[in-house]
Amino acid sequence: MFSESISIALAGLKANKLRAMLTMLGIIIGVGAVIAMVSIGMGVKDKVATSIAGLGSNLLVVTPGASNAGGSRQAAGSSITLNEKDAIAISQEVAGINLVAPAVTRSYQVVFGNQNWTTSIQGTTPDIQGIRNYNIEEGSFFTNQDLETRARVAVLGKTVAENLFNGGTPIGQTIRINNAPFRVVGVLEAKGESAGGNQDDTVIIPLKTAQERLMGITYIQNINVQATGTDVIYQVQDDITTLLRARHKLPTTTPDDFTVRNMVAIMAAADETTSMITSLLAVVAGLSLLVGGIGIMNIMLVSVTERTREIGIRKALGARYQNILLQFLIEAIVISVTGGVLGIALGIGASYGISSVAGWNTVISSLAIVAAFAFSVFIGLFFGIYPARKAALLDPIEALRYE
Amino acid sequence: MSILLSEVTKVYQLGGERVNALAGINLSISPGEFTAIMGPSGSGKSTLMNILGCLDRPTAGSYMLDGEEVATLNDDQLAITRNKKIGFVFQSFNLLPRMTTLQNVALPMVYAGVDKRERLARAEQVLGMVGLESRMNHQPNELSGGQRQRVAIARALVNDPTIIMADEPTGNLDTKSGDEVMNIFSELNSQGRTIILVTHEPDIAEYAGRVVYVRDGLIERDEWKVR
Chain A
1 MFSESISIAL AGLKANKLRA MLTMLGIIIG VGAVIAMVSI GMGVKDKVAT
51 SIAGLGSNLL VVTPGASNAG GSRQAAGSSI TLNEKDAIAI SQEVAGINLV
101 APAVTRSYQV VFGNQNWTTS IQGTTPDIQG IRNYNIEEGS FFTNQDLETR
151 ARVAVLGKTV AENLFNGGTP IGQTIRINNA PFRVVGVLEA KGESAGGNQD
201 DTVIIPLKTA QERLMGITYI QNINVQATGT DVIYQVQDDI TTLLRARHKL
251 PTTTPDDFTV RNMVAIMAAA DETTSMITSL LAVVAGLSLL VGGIGIMNIM
301 LVSVTERTRE IGIRKALGAR YQNILLQFLI EAIVISVTGG VLGIALGIGA
351 SYGISSVAGW NTVISSLAIV AAFAFSVFIG LFFGIYPARK AALLDPIEAL
401 RYE
Chain B
1 MSILLSEVTK VYQLGGERVN ALAGINLSIS PGEFTAIMGP SGSGKSTLMN
51 ILGCLDRPTA GSYMLDGEEV ATLNDDQLAI TRNKKIGFVF QSFNLLPRMT
101 TLQNVALPMV YAGVDKRERL ARAEQVLGMV GLESRMNHQP NELSGGQRQR
151 VAIARALVND PTIIMADEPT GNLDTKSGDE VMNIFSELNS QGRTIILVTH
201 EPDIAEYAGR VVYVRDGLIE RDEWKVR
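Which chain is which? The protein sequence lines are A and B, in order.
So for the first sequence, UniProt numbering puts the first residue at 1; every next one is plus one.
So for the second sequence, UniProt numbering puts the first residue at 1; every next one is plus one.
Heads up, a few of these hints could be off.
Some chain A residues near chain B, calculated using beta-carbon distances under 8 Å [claimed, not checked]:
#1 E310
#2 I313
#3 A319
So the derived label-pair ranges between C-beta atoms look like this [as the list claims (entries may be wrong)]:
#4 A:V302 to B:E142: 41 to 47 Å
#5 A:L10 to B:S190: 41 to 47 Å
#6 A:T305 to B:K116: 26 to 32 Å
#7 B:N172 to A:V370: 50 to 56 Å
#8 B:E142 to A:E398: 27 to 33 Å
#9 A:V291 to B:N172: 40 to 46 Å
#10 B:E133 to A:V291: 49 to 55 Å
#11 A:L367 to B:Q77: 45 to 51 Å
#12 A:R389 to B:R98: 22 to 28 Å
#13 B:A112 to A:A345: 56 to 62 Å
#14 A:R389 to B:P202: 43 to 49 Å
#15 B:N172 to A:A345: 22 to 28 Å
In short, the hints are calculated from the structure, not lab data.
Note that the coordinates shown come from a computational prediction; the quantities given were computed from them, not determined experimentally.
C-beta: ideal position from N, C-alpha, C; glycine also.
Next comes chain A alone, as it looks inside the complex (with noise of 0.2 Å):
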């Protein structure tokens, strides 16, 4: 009985080929913007967590808090509250951690030859290598021993070693940050651009070199903290921050001078933003699928109201309430069904199309594809059954009548 409903139901669609594609359109239109737009949601996800995961993988930044000069507080990172024994003393003393690096950061002109190029550098320790995921193109990084004999020695960002040195080589070549010499060892891999900018335009020194013999500080700026795990990295936080108010002696009503940020929760902040913007594009994308649902009632309602007749000689012929509900029925569903196919072949073309005209990222999510075409399924039912109720609820004798 079901797969006569079904060719019934297919006849009366050919019978009217250009009306069932049209209404078919709508549905097209609704699962393919879905699975567009979800795709394009997921693409900024997936970009925003990759920058942020490469900064490094658990990570913590410890930074001073703000300098108060006369009542006048400076911008947070102006204190000079860090100094290197804070750092040994979290490597040592808080549980739960890989990797601990020191680092000062200042931006310098940097001249090779007639080239120049203004950048931010960064003294730190080689663990920097690990916290931060550096992998050494050419050449190799700087040692510990380096950083003992305040050697002047420098590792290039890529971007850095484009600009000054044209394609050349540049290990062993001597570069003058801020007029001083500095020989290059190394050149890093290029990373791209992420939550902090592009993190390719950056030269990486032993950290006393910087702080003697290039910005005279004794006090540091940073301390970059792996943790050994997510599940550690708020206890880790913690550890920190008790440990820092100890050393500084800090009484508990005064606040702290110095900002522990855990990278884990800035990325878990981001991944609920990017998680809003998806769910808002596939909501409005949602939308047109239930103005396409609406097109669907609004034909069947004119197709069962031209058929009456046609009702009428079923019914006298014998065909029973479910005989004439399951055959609207179907025609509704056929008609979402196969929009919501061909739906999903629009949507997965306009994302592989987005991504390679726009050069937006775009992740196909097979989730939104069984969501959407089940949605599209739903609507065909939901939009169809009223219509299907009314042809098989018609008084044979009066759908007789009907002229």
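For this one, chain A is given, so just place chain B on it according to the hints.
Frame of chain A; chain B shown alone:
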């Protein structure tokens, strides 16, 4: 007794007004009878026909069809009864457009749950009985009026019903096609089928062996012809 109506009434509510379409009909029709129902418009003959055809239920009274009470059946049961026991022939043919002759004839068997191969074989055989097997792949609009009515008769016969109900079957036909169609009914009757014919043309009623005159919702006269 294939049909037995006792004290059948039908009351409509028409804009707050009660209309007694049937005011107490008693009628029995034996198997194999060819009965014509005649009457002016408004006499209630259409209502009677709808009730006899199980398209409608009486307000009160009893309708025994083949020994089964059908006056109290629900819509689906009525549909099943129509499908199995009654074959309809309408004035305006009522064939489905965009379906071939063969598919039209096979349609009642779809609702009887007969499988497709058997359906088409049976439909072809019945089309042969009305002399239209050569037209089985034509659509109704490619046929003449007389041919269409013969297709409709084939469709009425296909589930081998107890009764053939014909409502003004010659109303849209010229005299010659009308006669052809009536001859088919006579032949079906001579094979032992019960035929009920609703008409207002005395010439057509002539084919029947019995004429029931309806007026004001009551049977006015019931004439038997001696052949």
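Those earlier numbered hints the structure runs against, lowest number first: Hints 4, 13 and 15 are the ones this structure does not satisfy, whereas the remaining hints hold.
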